[in-house]
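K.L.:
Using this note's numbering, read the sequence shown as starting at 214 and increasing by one per residue.
The hints are simulated quantities; they were obtained by calculation from the structure and are not laboratory data. From a predicted model like this one, the values you see are computed outputs, not experimental measurements. Every residue, glycine too, gets a C-beta built ideally from N, C-alpha and C. Don't take each hint at face value.
DEER-style ranges, computed between Cβ atoms [what the hints assert, rightly or not]:
1. Ser418 x Asp626: 23 to 33 Å
2. Lys487 x Glu571: 32 to 42 Å
3. Asp472 x Met241: 24 to 34 Å
Quick list of in silico lysine-lysine cross-link-like pairs, DSSO-like style, CA-CA up to 27 Å [stated by the list, open to error]:
4. Lys459 x Lys344
5. Lys459 x Lys488
6. Lys261 x Lys415
7. Lys665 x Lys335
8. Lys675 x Lys343
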Amino acid sequence: MTAPCSPGWRYVCEGRNGRKADNVNITMEWRYRGEGNCSLVVADPLSKRVYRLLKQNYTRKFQEGVVDSESKAQAVHEDLAQVVSYVRWVMQPLLSPDYVTVPKLTKVEQDFIREVVRQVSKQRPVRRMKKPGDRVDEEVQWALILPDFCFVHLPHGRLSGAHSTISIEIKPKKSFITTYPKRGTTGEQPGVCKFCMHQHLKRQSGQWPETSNYCPLDLFSGNKQRMKHALQSLIKTPQNNLKIWKDGEDVYSAEKRLDLADILQRWFNDPTLKKSRAISCFLDLVIEILMMSVSPDDPQPHSDLTRSPTLQRCQSSSFTFTTGNVCQWLPEGSVLERVYAAQLLDDLEVMNVFPLREWGFDGHFPQDWLLDSEAFRNLDPSSIEWVVQKVKRFLVSKTLQDCSIMVAILPLDSLDLQKQNGPGENHYGNNRLQFDQQWYKVSVALVDLDPKPLDKIPVYHKQASAILASFHDTCMETATVPAAEPLHVPVRQLPVLSALPCLAMHPRVPEV
């Protein structure tokens, strides 16, 4: 059937399979959803989908060796196809299809790109438009499409529409402390997590006007008091680690801070709830969602990962510790447990992975890339296969250290509950939760799951060196910080890296 030809409607162009995608209305008001260094994300409020458009920061690496824009577009398409493949064959099996949706790679028209960028330009933060590389590359007519996880996607159609959807994005960051030598010494790393140490460098560089008191180790602790303290710290200083939306409209972030307490009090629609308690009540609800499993009938793990409570605590955390409130087990199958377990794939850290990066790994992940525990134990630690597996695990861990957790929450009426008793309840990670005598339909999703390229390892190494140097300059010379506590997880003894044959011809890791 031919699509409508009224003004304002444009086709999404044919993909490589020769079929046309859905129509896109560019006359409506598209919504700015967010952006990073390499892409701009915009939302279609009609179809409840988001389009990830590429910036020149991303596409300029494809300029070398190409003779025309078509060749560049082809190179970009191949790279994005690798992103899709990585999410499908690495992230989804590792983290569970309940949390991970594979993006759709689609070709779009230049007119669509220009119009959408024009519409959202006033919504973009000024700091994101200062450099030429921040511009969306209109020559590259490819976009990645995902459901808009600011909404709960309902397999049984629309609900009553009497309630608004509140959604929250949390970028949790690295959940544990690893050890490597201090600058100029062979001592242990201080017992401060990477995020908290990085705050010192961000303050020195003027990246953020306020220092965040958020600590990832508190969020991943499994202890609800510590978790709530972590979320309260994000509310106080969101930086780029927290955003809150109401019906897809940004209401609270680093760039926009409306009266969140008033918004939440109205959303709960509870006459007994005081405004001063609204944010606290909301955070309690979010914690319940972060701790729930979306597949309670499927207790089997989706991958062979080590599970353990986070028994570490960060010496920089502003949480007041008392006996018995350090940590608890993260419920198996919860989104935090999945992210934490996957992050633990890296047990070397960048300082030790840095000299391994050029040995035997071509950047591709076959479907059976993650060896089970028995197979991995049987690898010869002096073999290239062992090194390749370590580099792969490091890069996968880095993906999870930069991912975002999207939680969407929709209150349900009694009539809505009757509509939600059919199949497909876990589609897009949907589930129901009763909290404080109210039922909610919730959606939990993991996004920003792109593969980390091998050539980023030197960048990570340089950043880690700068973070540690800044922390020593501002803290270590004026105060004594205890060494990092060991992770209480069953990790086999690693061989001395310098004994590996593949390192014999490589200079040793530079000191920080």
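K.L.:
Does each hint fit the structure? Answer for all of them.
P.N.:
Right, here's what the structure says about each hint:
no. : hint                        : result
1   : Ser418 x Asp626: 23 to 33 Å : 49 Å, violated
2   : Lys487 x Glu571: 32 to 42 Å : 60 Å, violated
3   : Asp472 x Met241: 24 to 34 Å : 28 Å, holds
4   : Lys459 x Lys344             : 30 Å, violated
5   : Lys459 x Lys488             : 17 Å, holds
6   : Lys261 x Lys415             : 35 Å, violated
7   : Lys665 x Lys335             : 31 Å, violated
8   : Lys675 x Lys343             : 24 Å, holds
The structure shown violates the earlier hints numbered 1, 2, 4, 6, 7.
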